[in-house]
Every structure is written in C-alpha cells, then in structure tokens.
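Undergrad: Based on the sequences and whatever the hints tell you, model everything.
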Amino acid sequence: MNAITESVETRVKRRQLQQTPLWKRILKRPEVGALGGVILVFAFFYVMAPPFRQLSALSTVLYQASILGIPAVAVALLMIGGEFDLSAGVAVVSSSLAASMFATEVTGNLWTGILLALVLSLAIGALNGYLLVRTKLHSFLVTLSTFLMLQGLNIAITKLVTGNVATEDISGMVGFDLGQRIFASNFHLFGTTVSIAIVYWLIFAVIATWVLLRTRMGNWIFAVGGQGDSARAVGIPVKRVKIGLFMVVGFSCWFTGMHMLFAYDTVQSGAGIGNELLYIASAVVGGCLLTGGYGSAAGSALGAFIFGMTTEGVIYADWDPDWFMFFVGAMLLLATVFNGWLRIRALSRSK
Amino acid sequence: MTSTNTPIIQLSNVGKSYGNISALRDVSLTVRQGEVTCILGDNGAGKSTLISIIAGLISHDQGTYAVDGAPMHFTSPRQALDLGISAVYQTLALVPLLSVWRNFYLGSEIRKGSGIFKRLDVKTMQQTAEREVERMGINIPDLEQPVGTLSGGQRQVVAIARAVHFGARVLILDEPTAALGVTQSGLVLRYIATAAREQGIGVIFITHNPHHAYMVGDHFMVLSRGEVELDTPRADLSLEDLMFHMAGGAGLNALQHELHRGEPTTAGQAA
Amino acid sequence: MNTILRKLVGCSAAVAAIAFTTSLSPVSAQAQSAHDYTFAMITHAQPGDTFWDIIRKGANAAAKKDHVKLLYLSNPTASGEAQLVTNVVAQKVDGIAITLAFPDAEETTIKSAIAANIPVIGFNAGTDAWKSAGLLSYVGQDETIAGKAVGDKLNKLGAKSVVCVDQQQGAVQLEARCDGIKDTFKGSFYVLYVPGYDMAQTQSRIVAKLQQDKSVDYIVTLGAPFAPTAIQAADTAGSQAKVGTFDLTPRAVTLIQQGKLQWAIDQQPFVEGYLAIDFLWLNKVNGDVVGGGQPVLTGPAFVDSTNIADVAKFAKAGTR
Chain A
1 MNAITESVET RVKRRQLQQT PLWKRILKRP EVGALGGVIL VFAFFYVMAP PFRQLSALST
61 VLYQASILGI PAVAVALLMI GGEFDLSAGV AVVSSSLAAS MFATEVTGNL WTGILLALVL
121 SLAIGALNGY LLVRTKLHSF LVTLSTFLML QGLNIAITKL VTGNVATEDI SGMVGFDLGQ
181 RIFASNFHLF GTTVSIAIVY WLIFAVIATW VLLRTRMGNW IFAVGGQGDS ARAVGIPVKR
241 VKIGLFMVVG FSCWFTGMHM LFAYDTVQSG AGIGNELLYI ASAVVGGCLL TGGYGSAAGS
301 ALGAFIFGMT TEGVIYADWD PDWFMFFVGA MLLLATVFNG WLRIRALSRS K
Chain B
1001 MTSTNTPIIQ LSNVGKSYGN ISALRDVSLT VRQGEVTCIL GDNGAGKSTL ISIIAGLISH
1061 DQGTYAVDGA PMHFTSPRQA LDLGISAVYQ TLALVPLLSV WRNFYLGSEI RKGSGIFKRL
1121 DVKTMQQTAE REVERMGINI PDLEQPVGTL SGGQRQVVAI ARAVHFGARV LILDEPTAAL
1181 GVTQSGLVLR YIATAAREQG IGVIFITHNP HHAYMVGDHF MVLSRGEVEL DTPRADLSLE
1241 DLMFHMAGGA GLNALQHELH RGEPTTAGQA A
Chain C
2001 MNTILRKLVG CSAAVAAIAF TTSLSPVSAQ AQSAHDYTFA MITHAQPGDT FWDIIRKGAN
2061 AAAKKDHVKL LYLSNPTASG EAQLVTNVVA QKVDGIAITL AFPDAEETTI KSAIAANIPV
2121 IGFNAGTDAW KSAGLLSYVG QDETIAGKAV GDKLNKLGAK SVVCVDQQQG AVQLEARCDG
2181 IKDTFKGSFY VLYVPGYDMA QTQSRIVAKL QQDKSVDYIV TLGAPFAPTA IQAADTAGSQ
2241 AKVGTFDLTP RAVTLIQQGK LQWAIDQQPF VEGYLAIDFL WLNKVNGDVV GGGQPVLTGP
2301 AFVDSTNIAD VAKFAKAGTR
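Protein chains in written order, with the numbering used here: chain A, 1 to 351; chain B, 1001 to 1271; chain C, 2001 to 2320.
No wet-lab data here; the hints were simulated from the structure.
Certain hints may be false.
Lysine-lysine pairs mimicking DSS-like chemistry, simulated, CA-CA at most 30 angstroms apart [claimed, not checked]:
id, chain 1, residue 1, chain 2, residue 2
1, C, K2131, C, K2064
2, C, K2131, C, K2092
3, B, K1112, B, K1123
4, B, K1118, A, K28
5, C, K2156, C, K2313
6, C, K2260, C, K2148
7, C, K2182, C, K2242
8, C, K2284, C, K2316
9, B, K1118, A, K24
10, C, K2186, C, K2148
11, C, K2313, C, K2065
12, C, K2313, C, K2260
13, A, K239, B, K1118
14, A, K28, B, K1123
15, C, K2092, C, K2064
16, B, K1112, A, K136
17, A, K136, B, K1123
18, A, K24, B, K1123
19, C, K2148, C, K2242
20, C, K2214, C, K2148
21, C, K2242, C, K2260
22, C, K2186, C, K2160
23, C, K2284, C, K2148
24, A, K28, B, K1112
To be clear about the criterion: a stretch of chain A counts as covered by chain C if any three or more of its residues have a C-beta under 8 angstroms from a C-beta of chain C, and this derived list gives those stretches [stated by the list, open to error]:
id, region
25, 50-61
26, 318-327
Pair ranges (Cβ atoms, derived) [stated by the list, open to error]:
id, chain 1, residue 1, chain 2, residue 2, range
27, A, G152, C, K2214, 25 to 31 angstroms
28, A, D177, C, D2310, 49 to 55 angstroms
29, A, R240, B, G1148, 47 to 53 angstroms
30, C, G2292, A, Q54, 53 to 59 angstroms
31, C, A2116, A, D177, 38 to 44 angstroms
Note that the structure is a prediction, hence the values are computed from the model and not measured.
Don't be surprised by glycine CBs; every beta carbon is placed ideally from N, CA and C.
TA: Below, the structure is given as structure tokens:
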C-alpha cells in the first residue's frame, strides 16, 4: 500500500513538470476560432477601408457589438445549458416599453418603470423556463411561442396605453438624468466618444466567463447542457438551473432594454424582431454548440464583435449599399468557416 | 487489511409487487465488506428491481432490508447514498464534454471563498482527482481532457472511482462490462477486484456474463422470473455450473431436449 | 387566422375609443349586421409603426362616418401582402384599399379581386403601378414628386453631400423617394440601408457612414422615427450634418420646434387612409370613380419652423 502511494506521488509530480504549455491550452479553448475570426475580419477591413483605421471607428464598431453582445453573452450561457431563447430580441423591446409606459402613464417617475421592467423581464425568463420544464417541449418551440406572443403584446399593449404604436419621449422626466448616466452615457477616451454600453458588455463577458469556468454554477451549466440525465443523477437541480438561465437572459434583455430606452428616448413597439437570431449567431460563432454542453461566454462576445465589424466595415469600405446584406452574410460565413477550421486544427494539434 | 465477514447490507425475503404482478419474491442477500456479490439473470429476471430497492429508487413491500443491522425503508436514493450505498448505472452519470476532473467532482464540487466570490477550488480538485485516477491504475494523459474522449472502460473506472471517493461502502455496478470489449472489460474487472479487496468495499456486480462474474465474484446469485434460482458462495460453484444456471438452467435443458429430440445434451453445450 | 386578426383589430380599436375623446371611434367594434359594407385595408406596414397607425386612424374615421365595417390587415413582405388579398377575396369583402408596395407580387391577386367584382383602390404606395394593375383610383403622395421636392429643397439649402437613410430595402415607395432626390439634387448622394427599427444598429451605421465620409452635410431619413436617431448619430460622430425627414411623428414635431430637425415632408397619411375608404364607399353607393385617371395627391407638404405651430396640435392627437 505504501509503495503504491509513493509511486502515485512521484507520477503526479512528474506529470506536473510536463504540464501542457499555456499556448496549447489556449488553443483548446472553444473561443479560439472566434478570436481568429476577429483578427481576420479586423485585418481585412483595416486593409480595405482606410476610415476603419480611426479610433473613433473602433468605438462605433464596439458600440454596435455591445448592443448585440450583452444579450449574446447571456444567450451563450443558456445555449451551453442546452436551451434556446428566440424571445430575447423582442423581450428587449418589451422591457423598454414597460419601463417607458409605466413611468409616463402611471407613476411619472422613471425609476419605478425601470424596476417594473426588471421584474417583468425576469418574469418572462422564468415563464420561458417554467414552460420548458413543465411541458418538456423543446425550448425552440416554447420560446418561439413566447416570441410571437410578446411581439403581439408589445404592439397591442402600447396601442392600448398610449393610443399610438410608439411610446412618448421620456427625456426630461423625473429620473431621466440618472438613468441616462447609468445606462446610456458616453465618455471620452483618447479623444473619442465611447458608449458606456461597451464597458458593461466587457464586464458581463468577464463575469460570465468567470462564472462558467470557476464556479459551481458554471460546472452545473455545462453538465445540464451536456448530459441532463447525468446531471440529475449526481444531484444537480436541473430544472432550477434551466429556469435560472432563462432569467439571466431576461436580465440581459432588461439591461439592453434600459440602454435602448435611455439612449433613444422613445421606443417603437415593433422593434427587436430578428435580433434573437443575431444573439444566437454570436454565441455559435463564439464556439457554442447548438446541442449544448460546450461553448464560451467570451467567445460569444467575440462573435458579436465580428458581427459589429462586418456590418460597420461594409459601410467604412464604401461598398455598394444594395449589396449590403450580401456582404454581411458573406463575411459572416467566411469568419465562421475560418473559425471552425481553426478550432478543428487546434484540437487535433494539441492532442 | 479488512475483515471479510462484516455484513453491511442484509436483505431477508424481500419482495416487490406492482398490483397483481410480483416483480420480485423472497430474495435474501447479504453484502459484506470486501466481498463481490454477483447477481446474474436474464432480461426481466428482476435484477433491476432488486438493485433499485437496494439503491433506494423504489421501496420493497415484503421482507426486511437492513443496513448495519438497522431495518430501512428508503424513499429516495439520497438516503441510501448517505449510508454509503452508491449505484453506478450504465449511463455512468458522466458528462462527455466535461473534463475528467470536473466530472469527478460534479455535484460535489469543493469550493473556497465566501459570498459572491465563492468559487471552485480548482487546484485541490485537480490534484485529488489525479491521485484517485492514478490509484485506479488507468493512464489518462491529461485531466483537462473531456471524459467523452476516454475509452469505455476508462469511463467506467472514473465513474466507479468517483463513487468510491465519495464514501461508497457498498457499490452497485449495473452491467459495467456489458458494452465493452475484452481489454476494456479486463480494466474494469481488475478495478472491481481492487476496490473490494484493497479498500474493503462491498460490491454488488450485476451482469449477464458468467465469465466476468466468475473472475471476480465471491458469492453468486442467479435470478429468474423474480425468484432466486441459485444462491451460493464461490467455493461451492464451478464456472460450468454458473453458466448452466445463467443460460436458463433446467428450463433451457428441457427446451433443448424438445428442439433436438433424442440428442443427448450437457450443461456445457447448452451455454 | 383572420378571425384572430379581426378580434385583435376590434379589441384594440375598442379600447382606443375609450381611451380617447377624439371623434375617431372604431366601426368594427359594432355588430357586423349593422354595417352596409365591409371594406378591407391591406398594407405593407411593419407592425408597430407610427406612420401606419395614422393611416389606420384616418381609415377608421372614414369607416365610422360612412357606416362600414373595416378590416385592417398588414404584412411587410411581398408574398404576405399578396396572400392577404387572396384571403379577403375569399371572405367576399365589398371593397379593397391596398398599398401597391410590391406591384409584381400583388398584381395577379388584385386581378382576381377585380374579376370577382370587388372595387380596388390603391393608396400610399404604387404611383407607377396602380393604373396597369387595374385599380379604380389612387390616393397618395407621388413619391417621386416628393423626392424631387426634397432634392430642390436641398439645393436651395446649399447641401453638397447627402445620405439618405432607408429602413426597408426593396420597398418601391422608398426607392422612389430616393430616385426623386437623386433626380433633382445636384450634390453627391448616398443611400444607407438600416434594419427595421433597431435604433442601436441604425445609429451605429449612420455614425459609421459619417466617419467614413466626412463631407456629408445633410441626412435625409425616409421614415420619421429615424430622424431623432440620425440627429443623435450626427452628434456622436461629431458631424455638422443637418437632418430632414420624410413623414411626421409627434417626436419629429418636437424636434422641429427645438430646431434640431430642419424640416419634415408630410404626405398626410390620415388623409390617405380616410380618402381610400371614402372613395370605396362612394363607388359602392354612387358608382363614383375619383381622380379622372390621375392620382389624388395628399402631399408633399413641408413642415418646418415657419408652420410648425399649426401642425403641432394635430400631431399631439396622433392624426398628423
């Protein structure tokens, strides 16, 4: 027995000496493909579009990326947990509509609206999660239903409350200045205007990455998405984890919704449709598997960055606007293919 | 190192019925420290009902089930687990895309820090998992590697080692070798023997492969249609006997006799 | 599907009537048997657009006055809008008012409506196509004329480089506006497509364009909801570009009052919705065909700091 323990100790020590080098471990991370895509797309537009080289252009691109990226980070967590959320795009608008209308029509103070919207957004997330675990349907179907219902509710309730299909201008109301400073202010950095949304985006990406890799909850998210039955068998509360993840998406929708409200003062009730796919696309480009159990929050942030660079890059490069969507699609395809190729190479190399 | 005669689990005349259908009748079984008890039987023989009762998934309705001498009626697997009775099912409760050490600690993570900064103690978990894996004698080059990339036998061993590490005194192994080839089965069987002899764990080994059972078993029980067909220690049994019983025993003998009228048959051929 | 839509229309309209003291009370809330006719209004509106809501208010006002039942239906895609025509023909409505945003896709189904003896009137979109599609009359702004008027105005204001913000790539009436501007405007001209109502993306794209081409001194938005975003984008990009817009919203009115928005070119959507329904009614009760083969023009009318005070009070009520 003693002899065995000793040999184990020496083997463990020897193993530690031979530990895999850092760069090899980095190459194995799910977001490495997206990082490669970022470099590729950035280099491409840096060469092709001189205006893209300005610092202020980077700020614009990052802003575009952050508005997609904040929900995309949460959606990445959800996808790693094995579920979809198609309602996220309109849920952002639901949140800003609720905040705006509750404040303008009922209380007169924006902060009550902000809180109501938070409760509502978390409730939408919880409802998605509850319906999922209750009906045992695929989350694609469940959230497709809530997506359609929210889309209808956004317009119907806005019309009921305001008589119009857009909300009133909230600038100048009680609580607007503080709200704007928190959710939608700009600051100057190296002579460029930078939106605070970019800062939040980076913070959320870092927190989500930390949670995924360094907390018990992160472990559980991977397990729940990777093999739900196994997770249940080792005592992980699978249903609660899933409902919690939907509520995290709800929170991110609220946050984005508040930014949109305070940045643009009014809300069109028909907005937000289609963005849910961009969130999912960002997460997938960032390394998340559509089947769950694998992925990265940081990668999802990089995915949103790729999308931001592509859409803005086409404008900076001054390409024919009629071809706009084609260029965006082609660049995304290129980035995604490159991303997949790099990931496969990285995995096979470091084996 | 261990005394081989302390009973941990004792079942006396245990039975379970669903309405009029009785799934299990009159089963008596003793699991002792450091002993491997093999339970064999055809599909539908009552093996899974039996291990479900032992693991606390379902409750028996006849006879007594005692752990350390105290009669028990489990209502959840958690209660069985708390007494050190741990089951490793064929699905293994592993997550293929997660790394070996994360799987090892899944659901029982070690954490440090407090409040919102409570986080995984990655270093401790990695080192402990590494030590346990080394102790089992399987060679996993990188603990960060996903469990899904391990061989079937290695995965079994990781799952068993995990149960042992988290305080199993009785291990219920549900057909651990069923889906494995010869080499991989050998790996698992070697580990079963080690776990029992060196760590003094009582093992309940469910299988329908009499060869595998005979290699590691100390005690054998063959179930057939919910009843005990054979219950005997290793000393009183040859592999041929076991194979004969496993293959259907007297019933099969009669069947063969019927199919090949007049041809003489032996137990050995029947298997 | 249609019954659900009808219920929604009726329901929201009913509450709107309670909520507002304007005379725009809905017709569809009343029992069907009480109406002389059922008219369908089919548009290519994106749901939740302020502009279309004003059109609908006009249509509701006419429906109430003429004592007819109004079915309001919309779908922003070509095939979707065409499908709606097929649906209402099957429902045997007494008249159809339609926006010809996608003439090629809609022509066949419109022909089938005409073959079923249902009078069809065009409004808002389709200046060039309504005659060949066999429509009785057309109510709306001639988008090309409106565009040309904007081009002239830009020349007068001394603009050198203009960006035109288009929120629905491929919609003919928006293209016509752009073409009209291009026709008369003498400086350099660039079209920027933005995705629906996503204001963050819209702002980012306008900012990117302004950073890419620093000579831009005027931004024209083809929809009024985008004007505030364009103003903000110019501010973010540190550009001196001024902003003008097609159409009006209460927000645009405020911005004109504040001097942040230079002007808006109004096609008076309330009138479009109102007249389209009224013309159908005239045709049914009296066999009238209005317009004499020419479009009935509702615009363009410029709203700027000189006449904003008059327009403001109607805009507040949501009818301009």
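Undergrad: If a hint holds in the structure, say so; if it does not, say that too.
TA: Hints, one by one, checked against the model:
no.	hint	result
1	K2131(C) / K2064(C)	holds, 28 angstroms
2	K2131(C) / K2092(C)	holds, 23 angstroms
3	K1112(B) / K1123(B)	holds, 11 angstroms
4	K1118(B) / K28(A)	holds, 26 angstroms
5	K2156(C) / K2313(C)	holds, 29 angstroms
6	K2260(C) / K2148(C)	holds, 23 angstroms
7	K2182(C) / K2242(C)	holds, 18 angstroms
8	K2284(C) / K2316(C)	violated, 34 angstroms
9	K1118(B) / K24(A)	holds, 28 angstroms
10	K2186(C) / K2148(C)	holds, 11 angstroms
11	K2313(C) / K2065(C)	holds, 23 angstroms
12	K2313(C) / K2260(C)	holds, 19 angstroms
13	K239(A) / K1118(B)	holds, 22 angstroms
14	K28(A) / K1123(B)	holds, 19 angstroms
15	K2092(C) / K2064(C)	holds, 20 angstroms
16	K1112(B) / K136(A)	violated, 35 angstroms
17	K136(A) / K1123(B)	violated, 38 angstroms
18	K24(A) / K1123(B)	holds, 19 angstroms
19	K2148(C) / K2242(C)	holds, 19 angstroms
20	K2214(C) / K2148(C)	holds, 25 angstroms
21	K2242(C) / K2260(C)	holds, 8 angstroms
22	K2186(C) / K2160(C)	holds, 8 angstroms
23	K2284(C) / K2148(C)	violated, 36 angstroms
24	K28(A) / K1112(B)	holds, 26 angstroms
25	50-61	holds (count 6)
26	318-327	holds (count 5)
27	G152(A) / K2214(C): 25 to 31 angstroms	violated, 43 angstroms
28	D177(A) / D2310(C): 49 to 55 angstroms	violated, 33 angstroms
29	R240(A) / G1148(B): 47 to 53 angstroms	violated, 26 angstroms
30	G2292(C) / Q54(A): 53 to 59 angstroms	holds, 57 angstroms
31	A2116(C) / D177(A): 38 to 44 angstroms	violated, 59 angstroms
Hint compliance for this structure: hints 8, 16, 17, 23, 27, 28, 29 and 31 are not met, and every other hint is.
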